[in-house]
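Residue numbers (the numbering used here), protein chains in the order written: chain A, 1 to 298; chain B, 1 to 668.
Since the hints were made in silico from the structure, they are not lab data. Because the structure is a prediction, the values reported are computed rather than measured. Among these hints, one or two may not hold up.
Straight-line Cα separation of at most 25 Å, SDA-like style, residue types lysine to any residue; simulated pairs [unchecked claim]:
1) A:179 - B:118
2) B:68 - A:144
3) A:67 - A:91
4) B:199 - B:96
5) B:396 - B:113
6) A:83 - A:45
7) A:67 - A:177
8) B:118 - B:302
9) A:179 - B:360
10) B:68 - A:145
11) A:144 - B:431
12) A:264 - B:66
13) A:294 - B:629
14) A:216 - B:113
15) B:396 - B:415
16) A:191 - B:509
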Amino acid sequence: MVQKLDKKITSIVSIAILVLAGACAYTVLGSDSEDRGSGSESGSYVLALNGVIASNDTVSDGIYSMKRNLVLVTNGEPTGNVKCFLDWITSSEGQAIVSEEFVSLKDSEMTIPSDPVGSQTITVGGSTSIMETMSVLAEAYMAKYSGITIAVNGGGSGAGASGAINGNFDIGMLSRDPKVGELEHGLVPTKIGVDGVAIIANAAGVTNLSTVDLAKIYSGEYTNWSQLGGDDRPIGVISREDGSGTRECFDNTLSAAVDGWSMKDDVVKFNNTAGVINLVSKTPGAIGYISVGKVGDI
Amino acid sequence: MIGAATVGSPLARRSNVDRDVVMKHVLTAVASLTVVVILLIIVFMAGNAMGLFSHVGIFDFILGTEWKPTSGEFGALPMIAGTILVTLGAMVFACPLGIGAAIYISEIASPKMRNILKPICEVFAGIPSVVYGFFGLVVLVPTLADLFPEQLLFGSSWLAGSILLGMMALPTVISVSEDAINAVPRSYREASLAMGATKWETISKVVVPAAISGISSAVILGVGRAIGETMAVMMVTGNATIIPDPLWNVFSLISTITGTLALEMPEVVVGDIHYSSLFALALVLMIMVLLVNICARMIITSIKRKSGELDSKTSISYRLFGRENLLPDGFQDYIHNKGGWIRTAAMYVLVFVFVWMIVSLFENHLLSIILAAIAVGLVSSVRSLLSAFDSSSIDKASRVGLTAVMGVVILMLVVILGYIIGKGLPVIDWEFITQSPTDGGLSGGIMPAIIGTLELLVGTAIIALPLGILTGTYLAEYAKDTRTTRIIRESIDVLNGTPSIVFGLFGMTFLVISLGWGYSLIAGWFALSFMIMPVIIRTTEEALKAVPNDLREASRALGASKWKTTFSVILPAALGGTITGAILALGRAMGETAPIMFTAVVAFQPHLAGSIMDPVMALPYHLYYLATEVTGSGDIQYGCATILLLIVLSMFLLASVVRNHYNKNVKW
Numbered sequence: 001m002v003q004k005l006d007k008k009i010t011s012i013v014s015i016a017i018l019v020l021a022g023a024c025a026y027t028v029l030g031s032d033s034e035d036r037g038s039g040s041e042s043g044s045y046v047l048a049l050n051g052v053i054a055s056n057d058t059v060s061d062g063i064y065s066m067k068r069n070l071v072l073v074t075n076g077e078p079t080g081n082v083k084c085f086l087d088w089i090t091s092s093e094g095q096a097i098v099s100e101e102f103v104s105l106k107d108s109e110m111t112i113p114s115d116p117v118g119s120q121t122i123t124v125g126g127s128t129s130i131m132e133t134m135s136v137l138a139e140a141y142m143a144k145y146s147g148i149t150i151a152v153n154g155g156g157s158g159a160g161a162s163g164a165i166n167g168n169f170d171i172g173m174l175s176r177d178p179k180v181g182e183l184e185h186g187l188v189p190t191k192i193g194v195d196g197v198a199i200i201a202n203a204a205g206v207t208n209l210s211t212v213d214l215a216k217i218y219s220g221e222y223t224n225w226s227q228l229g230g231d232d233r234p235i236g237v238i239s240r241e242d243g244s245g246t247r248e249c250f251d252n253t254l255s256a257a258v259d260g261w262s263m264k265d266d267v268v269k270f271n272n273t274a275g276v277i278n279l280v281s282k283t284p285g286a287i288g289y290i291s292v293g294k295v296g297d298i
Numbered sequence: 001m002i003g004a005a006t007v008g009s010p011l012a013r014r015s016n017v018d019r020d021v022v023m024k025h026v027l028t029a030v031a032s033l034t035v036v037v038i039l040l041i042i043v044f045m046a047g048n049a050m051g052l053f054s055h056v057g058i059f060d061f062i063l064g065t066e067w068k069p070t071s072g073e074f075g076a077l078p079m080i081a082g083t084i085l086v087t088l089g090a091m092v093f094a095c096p097l098g099i100g101a102a103i104y105i106s107e108i109a110s111p112k113m114r115n116i117l118k119p120i121c122e123v124f125a126g127i128p129s130v131v132y133g134f135f136g137l138v139v140l141v142p143t144l145a146d147l148f149p150e151q152l153l154f155g156s157s158w159l160a161g162s163i164l165l166g167m168m169a170l171p172t173v174i175s176v177s178e179d180a181i182n183a184v185p186r187s188y189r190e191a192s193l194a195m196g197a198t199k200w201e202t203i204s205k206v207v208v209p210a211a212i213s214g215i216s217s218a219v220i221l222g223v224g225r226a227i228g229e230t231m232a233v234m235m236v237t238g239n240a241t242i243i244p245d246p247l248w249n250v251f252s253l254i255s256t257i258t259g260t261l262a263l264e265m266p267e268v269v270v271g272d273i274h275y276s277s278l279f280a281l282a283l284v285l286m287i288m289v290l291l292v293n294i295c296a297r298m299i300i301t302s303i304k305r306k307s308g309e310l311d312s313k314t315s316i317s318y319r320l321f322g323r324e325n326l327l328p329d330g331f332q333d334y335i336h337n338k339g340g341w342i343r344t345a346a347m348y349v350l351v352f353v354f355v356w357m358i359v360s361l362f363e364n365h366l367l368s369i370i371l372a373a374i375a376v377g378l379v380s381s382v383r384s385l386l387s388a389f390d391s392s393s394i395d396k397a398s399r400v401g402l403t404a405v406m407g408v409v410i411l412m413l414v415v416i417l418g419y420i421i422g423k424g425l426p427v428i429d430w431e432f433i434t435q436s437p438t439d440g441g442l443s444g445g446i447m448p449a450i451i452g453t454l455e456l457l458v459g460t461a462i463i464a465l466p467l468g469i470l471t472g473t474y475l476a477e478y479a480k481d482t483r484t485t486r487i488i489r490e491s492i493d494v495l496n497g498t499p500s501i502v503f504g505l506f507g508m509t510f511l512v513i514s515l516g517w518g519y520s521l522i523a524g525w526f527a528l529s530f531m532i533m534p535v536i537i538r539t540t541e542e543a544l545k546a547v548p549n550d551l552r553e554a555s556r557a558l559g560a561s562k563w564k565t566t567f568s569v570i571l572p573a574a575l576g577g578t579i580t581g582a583i584l585a586l587g588r589a590m591g592e593t594a595p596i597m598f599t600a601v602v603a604f605q606p607h608l609a610g611s612i613m614d615p616v617m618a619l620p621y622h623l624y625y626l627a628t629e630v631t632g633s634g635d636i637q638y639g640c641a642t643i644l645l646l647i648v649l650s651m652f653l654l655a656s657v658v659r660n661h662y663n664k665n666v667k668w
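Bound-form chain A, shown alone (with noise of 0.2 Å):
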């Protein structure tokens, strides 16, 4: 009798919970597609630096500050096919698909790309920033001329530079210049483009930042956007990681603002802009940069 009795409350007890299970399971799955409802209006912008908001017209207009150059490294002259795909790139027709995020060269720096011969695989990788507009070149000219395969990959700039030096990749990405020990190697820079680094934040109440104020939020210094005039709501710092090109570009513009400053440790680190773009737009009071080729996606 008591074992029949264990076995029933054993049994019920599994029940409840497979039921509480596929509750929950239900309820998850319910709260998400509500949130990528409301996601569609997230509260991101972009915050006005100086009083100059981030777009590929101020940057390349010079008005702009916080932007670098975005460069094709090869291990010495670029020869054979790889040159014909970088003078591609370089051409109008490579350029066009540049200008869709970044800001394109140029017309006096342009030029006029030769056909490649035979068949190849041609390896880029490097910075993340520039891998998806590499990975449209990439399919456009596979597309153009079937003999040539194009594989990419990311990394990071750091990663361009010492994978083009090695020899990993035929051609490295670096979303900054290449430092004077990476040109002793003997790579050979091709600029295809400028970027600038967007400041984008969430419901803070605040519209524009000095170089100033946004060094003092990434040091630490202020803690909650009342303190800039903006709403009573903690700052959420966000950040990429050492070594990333932005971050390099972000770094050296506020250190140039603001004498020995460095930024503080208590930030979220990604290595990706699209890590940067999604927690910001989740989290009211975030701010973050991203390249400003990447501000359609917030």
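For chain A, the structure is supplied; the task is to place chain B on it using the hints.
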């Protein structure tokens, strides 16, 4: 089987003996490869790390609290502390659930139920790390941010990392503790029940104490699993290089060694000081894992010694000081006599401190002290209430409790799988499987990633299976307890404990850069093979050891040589276990991201690899890439995760089918 003619001819016998000797040397050579691999790993890690120590002292590195590698500050303490804290948190989560579930499976569930529950728990182990990370990113982190809006600005936190890691350590804890509980002789239970003890009293006072050494090793193996985990942790902890303040602030952002490696390694310039500092970090991680393993062994031998399985006179303290225990005898007796009282007091203190720590994260100090005191009072009244109940109601309550634990474990699995597959299945159609990604991953299919994953799998099998099986054979059939064998066994243990990201780093510096292979299929094959070899070796060895000696003796008595016996009689007899182990290992290799992200995979390569020197796309990395780099690829992410899950889980299913088949057909 080999026939009398061969035995009769002395020449033939001689050549057989020669072949035996040759085979033995071949096997020894193959087995020594693991030693070579581990040495290479250490040499390359240490060699690359050296660059840092000419700039920064070892103590400044380990105890420094500032990690600003681009401005020359290399303090690794935040990451070391973070690794330890996240792992501890994971264990707080995984131990009660894991051990409870193991007790439920082996003591309470009916045999039929057991046969269902065990494979279900194995499915947990099969979910790839990057899928856990993806789940954490899209479900866990936002949920936590909603639950604790005051404490968690972002949701990314130590808590999120620990919950995910706890889930990942669960299958290890469950399966190893369950083995330990099963190994307790039936007669113990029967004796206890015959004395009139209830089921719960038998479990808590007889079975668990008897299995305690196995359960401890389960916990420590779980720690080992959690400490080396990379992708999942990196996706949810926030990676801020700070030490939580206060130290138990589970809502703090945190960073682990593995996460920092995966985050920063792609950005550094090969050969500069930041690069060396990351290798130094990897070295610290390896040492930590090694320490965990050594502790595990010490704890287990000391428990075995106490329980009388080992001679207590072999203990270090006996050899050094001539006594088994360093505490004074009187103290031992005192603890023994007043043990109950001291234990109760210790428990109350622990409850007080724990509640105070947790509450102080939410409220001010005074309130948290008051609440902690109330909690202690509550515990003591529950205790007195419990003693008022008769033992059969406690038994019932414990049964319900254990069932609930099991239910929670199953629930987590249902939620993870249900959520991902539920959203992924509608995305999958013929085009999704057969087309290349377009628009930088925003549209199109994932065919190259599927093919790339299969290519990685086949190559890894070709390299790892022969090496692993031969080494396992050597250990089970040929190895005597010599110094060489011991070194080989130690190397396999170390290799087994090595975190997967270390294989990635090693592959990058050795295969990709030093050998000049570049990002290529072949570099990925070797990195993955090194990672899964220890598992294959172990399972092969165990399967061979399970073959009864009668078979060997019968074969040798018929005149078959040692190698003939081994390869024609023993290995086929152990095939079931060997194949199961191999499939499980390959399934694990398929889901791994960390070893291939620096050696073989690229984010975008729509054509298939033309040669083994070409890079490929792979499902785990593609999922990581989509989830973290490509904004707006939501549906494709779920589709990709689902296909990865389905492929890996079908391998696990295959393994359990093979095992069942052999279990049914092979009986000694």
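Hints and how they fare:
1. A:179 - B:118: The given pair, whose Cα atoms are some 56 Å apart, is violated under the 25 Å limit.
2. B:68 - A:144: The given pair, whose Cα atoms are some 45 Å apart, is violated under the 25 Å limit.
3. A:67 - A:91: Measuring from Cα to Cα gives roughly 22 Å; hence the hint holds.
4. B:199 - B:96: Holds, at roughly 19 Å.
5. B:396 - B:113: 19 Å, holds
6. A:83 - A:45: Given that 25 Å is the threshold and the Cα spacing comes to 40 Å, the pair is violated.
7. A:67 - A:177: 11 Å, holds
8. B:118 - B:302: Violated, at about 30 Å.
9. A:179 - B:360: Distance of about 49 Å is beyond 25 Å: violated.
10. B:68 - A:145: Given that 25 Å is the threshold and the Cα spacing comes to 45 Å, the pair is violated.
11. A:144 - B:431: 23 Å, holds
12. A:264 - B:66: OK: residue 264 of chain A and residue 66 of chain B at ~10 Å, within 25 Å.
13. A:294 - B:629: Holds, at roughly 11 Å.
14. A:216 - B:113: Violated, at roughly 60 Å.
15. B:396 - B:415: Given pair residue 396 of chain B, residue 415 of chain B is violated - Cα atoms ~28 Å apart, limit 25 Å.
16. A:191 - B:509: Distance of about 29 Å is beyond 25 Å: violated.
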